[in-house]
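*Asks:* Sequence:
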Amino acid sequence: FRSPLPSGGGKAAPDAPNRAVAIVRWDEVDAAIKQIEAAFQKEWASVCREAIREIGGKGLDTLNDPAWKAIWERQVGRYWEAYWAAAKMAGGDYAQGYRDAIRALESAKRQRAFEPNTEAGAKDSLSGARQALRTEKLDAREYWSEFTRPGRFFPSRIYAGGRERLDALGAVKRFCPTGGETFPSTSSVASAD
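Adding 449 to a residue's 1-based position in the sequence shown gives its number in the working numbering.
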């Protein structure tokens, strides 16, 4: 699984592994892949639910808004890219099997077999690549201005007044409880050695 969010350095929140290796019987490869992907997606859905719980508890009825919900589901549903490959360990030769699997995995990743992703409307202020969350009645700036009204969040959490507009992934990053861990700020990542 690969994500476009930077993992940062230092005490960054845990990141998904770049590569996982499992030894399974050849006839169980497909089932194992499905099980791993399902477990990963289940965990991602849990993280997203936690963020939604935080967002939904701030006095705005946005979670049921069709425009907001469509943006959220599109962005969190297409976020992770999963690639996998399998190779036989001829004669129990793990090292050669690993090299063969890595070669096949790199080839699969270079195929870039994914649907194009076009994002209409005002973009988020973090990446500028994805559509900022909004509602049917409020454009992105108005929505985030209303969302960040004084008393809803600490100013260190998100800039007020609509100056900062987040997409679904930025909202997950900002509003999902991380068990005491924090995500590195953009400025700390940019200035790190």
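Derived by calculation from the structure, the hints in this document are not laboratory data. Keep in mind that this is a model prediction, so the values were computed, not measured. Ideal Cβ positions, reconstructed from N, Cα and C, are used throughout, including at glycine. Incorrect hints may appear among the rest.
[As the list claims (entries may be wrong)] Mimicking EDC-like on lysine to aspartate or glutamate, the simulated pairs with C-alpha atoms at most 16 Å apart in a straight line are:
no.	residue 1	residue 2
1	483	522
2	558	530
3	572	591
4	537	499
5	622	477
6	518	585
7	586	514
8	491	514
9	537	477
10	622	503
11	518	549
12	622	499
13	537	591
14	586	510
15	537	522
16	572	549
17	491	530
18	572	613
19	518	588
[What the hints assert, rightly or not] DEER-style ranges, computed between Cβ atoms:
no.	residue 1	residue 2	range
20	570	542	51 to 57 Å
21	558	502	42 to 48 Å
22	585	543	42 to 48 Å
23	545	640	39 to 45 Å
24	595	468	14 to 20 Å
25	527	598	29 to 35 Å
26	572	547	54 to 60 Å
*Asks:* Are the hints correct? Go through all of them and say.
*Replies:* Hints, verified against the model:
1. 483 <-> 522: violated, 21 Å
2. 558 <-> 530: Holds - the C-alpha atoms of residue 530 and residue 558 are around 9 Å apart, at most 16 Å.
3. 572 <-> 591: holds, 13 Å
4. 537 <-> 499: violated, 40 Å
5. 622 <-> 477: violated, 35 Å
6. 518 <-> 585: Holds - the C-alpha atoms of residue 585 and residue 518 are around 10 Å apart, at most 16 Å.
7. 586 <-> 514: With Cα atoms ~9 Å apart, residue 586 and residue 514 stay inside 16 Å; holds.
8. 491 <-> 514: Distance of about 24 Å is beyond 16 Å: violated.
9. 537 <-> 477: Judged against 16 Å, a Cα distance of about 12 Å means the pair holds.
10. 622 <-> 503: holds, 12 Å
11. 518 <-> 549: violated, 42 Å
12. 622 <-> 499: holds, 11 Å
13. 537 <-> 591: Between residue 537 and residue 591 the Cα gap is close to 56 Å, so the pair fails against 16 Å, i.e. violated.
14. 586 <-> 510: holds, 12 Å
15. 537 <-> 522: Violated. Residue 537 to residue 522 sits at ~38 Å, over the 16 Å cutoff.
16. 572 <-> 549: violated, 41 Å
17. 491 <-> 530: holds, 15 Å
18. 572 <-> 613: holds, 10 Å
19. 518 <-> 588: This hinted pair holds, its Cα atoms lying about 14 Å apart.
20. 570 <-> 542: 51 to 57 Å: Holds, since residue 570 and residue 542 (Cβ atoms, about 53 Å apart) stay within the stated range.
21. 558 <-> 502: 42 to 48 Å: violated, 34 Å
22. 585 <-> 543: 42 to 48 Å: This hint is violated: roughly 56 Å between Cβ atoms.
23. 545 <-> 640: 39 to 45 Å: Because 44 Å falls inside the window, the suggested range holds.
24. 595 <-> 468: 14 to 20 Å: 43 Å Cβ-Cβ, so the 14 to 20 Å window is violated.
25. 527 <-> 598: 29 to 35 Å: Distance hint for residue 527, residue 598 holds at roughly 31 Å.
26. 572 <-> 547: 54 to 60 Å: violated, 41 Å
The structure fails to meet hints 1, 4, 5, 8, 11, 13, 15, 16, 21, 22, 24 and 26 from the earlier list, while all remaining hints are met.
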